[in-house]
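Sequences and hints are given; from them, build the entire structure.
In full-length UniProt numbering, the protein residues as written are 1 to 131.
Check the hints yourself; a few may be wrong.
To be verified - Derived DSBU-like pairs: lysine-lysine, alpha-carbon spacing no greater than 30 Å straight-line:
hint, residue 1, residue 2
1, Lys36, Lys90
2, Lys35, Lys24
3, Lys36, Lys24
4, Lys35, Lys90
5, Lys24, Lys90
6, Lys90, Lys7
7, Lys24, Lys7
These aren't lab readings, by the way, just hints derived from the structure by calculation.
Predicted model, so just to flag it, every value in this text is computed and none were measured.
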Amino acid sequence: MKRLNSKSGCAVEVTLSVMGGTWKPIILFQLLHGKKRFSELGRNIGGITQRMLTLQLRELEEAGIVERTVHAEVPPRVDYALTELGLSLKPVLIAMRNWGVEYARSHLHADAVPASCAQESDGKPAEAQAA
Numbered sequence: 001m002k003r004l005n006s007k008s009g010c011a012v013e014v015t016l017s018v019m020g021g022t023w024k025p026i027i028l029f030q031l032l033h034g035k036k037r038f039s040e041l042g043r044n045i046g047g048i049t050q051r052m053l054t055l056q057l058r059e060l061e062e063a064g065i066v067e068r069t070v071h072a073e074v075p076p077r078v079d080y081a082l083t084e085l086g087l088s089l090k091p092v093l094i095a096m097r098n099w100g101v102e103y104a105r106s107h108l109h110a111d112a113v114p115a116s117c118a119q120e121s122d123g124k125p126a127e128a129q130a131a
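Quick look at the structure:
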């Protein structure tokens, strides 16, 4: 597991060491919608390699944020879901998504945020969540 001791003394550093980076917040946001299979996560997250997805999921599992369930089937089926601790990141992830939507609207093109990220896990648009 990554080192969780904060060099700066700031708890934000600890949070980022657990769920920061390019891919982990996106993986976690996808799992807010419920459990997903590895291949489904890979399809939903454009640009991530299988190796990187595997590494990121292992780190999140080791941190207690994601749980991996292997079903005794042929071929084997593996599901990933947020743990209770992982679900506690929902407000953080939604706030990050809402900030990104607003930033994209004001500084980028209106269509810069994909629809899959512009909606909450209950399907409501970001602006409805921000209100």
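- Message: Holds or violated: Lys24 and Lys90, Cα atoms, limit 30 Å.
- Response: 13 Å, holds
- Item | Holds or violated: Lys36 to Lys24, with C-alpha atoms at most 30 Å apart | 15 Å, holds
- Given hint Lys7 paired with Lys24 - CA-CA distance at most 30 Å: Holds, at roughly 21 Å.
- Given the hint that Lys35 pairs with Lys24, does the C-alpha gap stay at or below 30 Å? Given pair Lys35, Lys24 holds - Cα atoms ~15 Å apart, limit 30 Å.
- Query: Are the Cα positions of Lys36 and Lys90 separated by 30 Å at most?
  - Reply: 16 Å, holds
- Item | Hint consistency between Lys90 and Lys7 [alpha-carbon to alpha-carbon, up to 30 Å] | Holds: Lys90 and Lys7 sit about 26 Å apart, inside 30 Å.
- Message: Check whether the Cα positions of Lys35 and Lys90 lie no farther apart than 30 Å.
- Response: 14 Å, holds
Figure legend: structure checked against the earlier numbered hints; every hint is met.
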